Amino acid sequence: MSLPSSLPCVTEISRRHAMAAALAVALVRPAGAQPERLAAVILAHTGGAAITPGRVTLDISPLVENGNAVPVTIAVDSPVDETSFVRSIALFNERNPQPDVFIAELGPRAGRAVVSTRIRLATSQKLVALAQLSDGSWWSDEALVVVTLAACVEG
Amino acid sequence: MARVLITLPQAARRGEVIEIRTLIQHLMETGYRPDAQGAVVPRDILRRFSCAYDGVEVFAMQLAPAIAANPYIAFCTVATHSGTLAFTWTGDNGFSQTETRTITVT
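Going down the list, the sequences are from chains R and V.
Letter 119 of the first sequence, counting from 1, is numbered 119 in the working numbering, and no numbers are missing.
Counting the second sequence from 1 gives a position; the working numbering is that position plus 1000.
Treat the hints as calculated values from the structure; they're not laboratory data.
Misleading hints may appear alongside valid ones.
One side only, chain V facing chain R, incomplete, derived with CB under 10 Å [claimed, not checked]:
hint: 1; residue: R1021
hint: 2; residue: Q1025
hint: 3; residue: M1028
hint: 4; residue: S1050
hint: 5; residue: G1055
hint: 6; residue: V1056
hint: 7; residue: Q1062
hint: 8; residue: L1063
hint: 9; residue: A1068
hint: 10; residue: P1071
Far from chain V, by Cβ distances over 10 Å, these chain R residues were calculated [unchecked claim]:
hint: 11; residue: E65
hint: 12; residue: E105
hint: 13; residue: V146
One side of the interface only, derived from the structure: several residues of chain V facing chain R at Cβ under 7 Å [to be verified]:
hint: 14; residue: V1017
hint: 15; residue: V1058
hint: 16; residue: M1061
hint: 17; residue: P1065
hint: 18; residue: A1066
hint: 19; residue: A1074
hint: 20; residue: F1075
hint: 21; residue: C1076
hint: 22; residue: T1077
hint: 23; residue: V1078
hint: 24; residue: F1095
Note that the structure is a prediction, hence the values are computed from the model and not measured.
Where a beta carbon is used, it is the ideal one built from N, C-alpha and C, also for glycine.
Using the sequences plus the hints, can you model the full thing?
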């Protein structure tokens, strides 16, 4: 994990704290187990169906100062009407204590396939957004996020 | 009762796509955080949000502890007819709250 060294608003003290927190998180975490967990939860969600990258736009800031509330918007490039619509939009993470973030259930009356919320991120990690269309196809997008202040695991 | 903020247009044209933004006051305690004594605070989160347009569910969302405190959820729906939108949040410890808003469609 690389921390940005040229942020003007971050003081030396808070940067040291953030670094110590990141180090603590890195030390208590079992190395290597997280990507497999993400793949397993995606497999359980899709039921083993093929996933194609594309059509989904995962909009999140690449550099997050506060992991306690990170705005995220997921939009799907798909028509939304009675015959063709988006069934669900889901978001998964790699290194939070739990891999799931949310599963939104949409339908033909959604009008536009877009969902916004605010999430917690425990550390710098990869996020994967998945969408299922009414024809049963799965589409995905992923984003890498650098987090300076962690959520979830601190007191 | 938790405080709720819901933003949606009061009136819309038939067939128009409207954006609905909701915010509810809730701690979303993750169940991973230690308290001052070092004991883990038990989980207390909202598990599900749904929006029903005159009784028909048009949007729903399953929430996990990774959703930030005071959950903000924004989504869209089509203004099909004048009616009532019911927003329901359910969660741990028997939490359940429903708010309704009316919309006039011309």
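Structure-based check of all given hints:
1. R1021: Given a least distance of 8 Å, the restraint on V/R1021 holds.
2. Q1025: 14 Å, violated
3. M1028: At 8 Å from the nearest chain R Cβ, V/M1028 passes the 10 Å test, so the hint holds.
4. S1050: 8 Å, holds
5. G1055: 13 Å, violated
6. V1056: 7 Å, holds
7. Q1062: Holds - the Cβ of V/Q1062 comes within 10 Å of chain R, reaching about 4 Å at its closest.
8. L1063: Nearest chain R Cβ about 6 Å off; hint holds.
9. A1068: 4 Å, holds
10. P1071: 7 Å, holds
11. E65: 14 Å, holds
12. E105: 4 Å, violated
13. V146: At about 17 Å from chain V, R/V146 clears the 10 Å cut-off, so the statement holds.
14. V1017: 4 Å, holds
15. V1058: 4 Å, holds
16. M1061: V/M1061 check passes; min Cβ-Cβ to chain R is 5 Å, inside 7 Å.
17. P1065: 6 Å, holds
18. A1066: 4 Å, holds
19. A1074: Check passed: Cβ of V/A1074 comes within 4 Å of chain R, closer than 7 Å.
20. F1075: 5 Å, holds
21. C1076: 4 Å, holds
22. T1077: Hint holds; V/T1077 Cβ to chain R Cβ min 5 Å, cut 7 Å.
23. V1078: 4 Å, holds
24. F1095: 17 Å, violated
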